[in-house]
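S.K.: Chain residues, written in single-letter form:
Number of protein chains: 2
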Amino acid sequence: VSFIAKLVNAVETNNTLLCVGLDPDLSRIPEQIRAKSAPVFEFNKAIVDATHDLVCAFKPNSAFYERLGADGEAQLKQTIKYIKETYPDIPVILDSKRGDVESTNLAYADAVFGYLGVDAVTLQPYLGGEALEPFLSVGDKGSIILCKTSNPGASEFQDLAIDGEPMYLRVARNFSTTWNTNNNVLLVVGATYPAELAAVRQITGPDMYFLVPGVGAQGGDIAEVMKAGLGKDKRGLIVNSSRNIIYASDSNNFAEAARQAAIKTRDEINKYR
Amino acid sequence: VSFIAKLVNAVETNNTLLCVGLDPDLSRIPEQIRAKSAPVFEFNKAIVDATHDLVCAFKPNSAFYERLGADGEAQLKQTIKYIKETYPDIPVILDSKRGDVESTNLAYADAVFGYLGVDAVTLQPYLGGEALEPFLSVGDKGSIILCKTSNPGASEFQDLAIDGEPMYLRVARNFSTTWNTNNNVLLVVGATYPAELAAVRQITGPDMYFLVPGVGAQGGDIAEVMKAGLGKDKRGLIVNSSRNIIYASDSNNFAEAARQAAIKTRDEINKYR
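Order-wise, the sequence lines are chains G and H.
Using the working numbering, the letters of the first sequence map in sequence onto residues 472 to 744.
Using the working numbering, the letters of the second sequence map in sequence onto residues 472 to 744.
It is worth saying that the hints were derived from the structure and are not from the lab.
There's no promise every hint is true.
What the hints assert, rightly or not - In silico BS3-like links for lysine-lysine, alpha-carbon gap of 27 Å or less:
| id | chain 1 | residue 1 | chain 2 | residue 2 |
| --- | --- | --- | --- | --- |
| 1 | G | 742 | G | 698 |
| 2 | G | 703 | G | 742 |
| 3 | H | 703 | G | 548 |
| 4 | H | 552 | H | 516 |
| 5 | G | 552 | H | 548 |
| 6 | G | 548 | H | 735 |
| 7 | H | 548 | G | 507 |
| 8 | G | 548 | G | 516 |
| 9 | H | 507 | G | 548 |
| 10 | G | 507 | G | 555 |
To be verified - Computed footprint of chain H on chain G; a stretch qualifies when at least three of its residues, placed anywhere within it, have a C-beta under 8 Å from a C-beta of chain H:
| id | segment |
| --- | --- |
| 11 | 549–556 |
| 12 | 618–625 |
Stated by the list, open to error - Here chain H is said to cover these stretches of chain G; the calculated rule only asks that three of the stretch's residues, wherever they fall, bring their Cβ under 8 Å from a Cβ of chain H:
| id | segment |
| --- | --- |
| 13 | 504–516 |
| 14 | 593–601 |
Every value quoted in this text rests on a predicted model; they were computed, and no experiment measured them.
By construction, the Cβ of each residue, glycine as well, lies at the ideal position given by its N, Cα and C atoms.
Produce the entire structure from the sequences given, and follow the hints as far as they go.
M.R.: Below, the structure written as structure tokens:
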């Protein structure tokens, strides 16, 4: 089953466009969990168990595992394995924003699709589509390309004018046409830039999925995101929330609190579909 | 001691601009090493011991360790620790091309400067300098920003014209001025594009160091690179070679063969200084 088919199935089955980001930070994990031998895995497992029927994908953010070294990598792998075995219908997106020359990308693709076994990965566009072939050529996996990012300084290069159109629209155009021959490309468009999200939707047409980070802690507005970005069949968006959900409570009820926050976010998103 | 001071010292002490890339590939490591319990570390150790007096830096490429999962991460850490303890005057550059929003980059900076303890890291420019603050603000560590990469498809976005100048020159300008208040920024410019290398040198002036991949296996010409890119005091370039050196031989004499290949490359570089 391809990533896209798995994603669409989860969107329909759970009636949701919500993706929960798994960004475990030891300093914010409840003490009781922190005392365990694999605290990051235990935390993730509790969040995943509490929200699996509310999401269309889970998205671990590689940085928060790398920071813990080899032990963090082991718990990332353990988390992915747990989701795949327990909730095989929910796709896993690794948010690691990789991107290098082709020979190195072969090793990165091996790491994420082979060793870790995720369904999709976020990627950098700067080296061009040619360099990303080791990802793009794996037809049943998703390649999610940074287009317009959610950070305050995103405009520095992404908004520079190329023949009268901003760089990020050139990225959207090239990756929705030339580099999308396997129909496995998605784009990252930040929730903090709804006007730009609408412009990207204009370029790609209604079929392409966008991963949209930046609602919640980063301040993106769900109503505006939905109005600007929704695609065909009231789908086309994967709306990610991390901190607002996984740290909804810092005490022992964190999993139930995460579930309540996820229900609220899912419903808020669905209100505008 | 800052990365730049350590680098300049190694350039002078060893009279070299050569950087050896540590890109261990199990399928190319001699059988006798492959049979050991930490083959990647053992391979790297032999290469490092055989070339430490010929280089100004070592550059492990993260992809080749990530591909081996937690075990690869452990051997990356072990390799870095070995270099730091045994050859404390040789800086270590992690080639991992990271780049995300600021809150995530805090975790990445922790991973590379904290946990791994390297002296410098390669970074993506696409999100802009604001997002890279967690790296740039660490004054004694090097932030090496992708500018013009060595791959055949690099021009797709990097050469697009912005107000009559290609994107990669805008990257060079912003990161050599606005984002270089700590004098800890370097740029990546591929050896395969000598004319572009000369243009970047023009923008930055003679003081800035460039990391130059792409000689050897990727086909970049050393004479052209030196003519186009050399900086102040016949320095300013870190010329990386990986495969041509570490895989100079696939039999038990691989370390001695690597040494001979490194001498040859160092001398070839010095010929044009």
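S.K.: Tell me, which hint numbers fail for this structure?
M.R.: Structure breaks hints 3, 6, 11 and 13.
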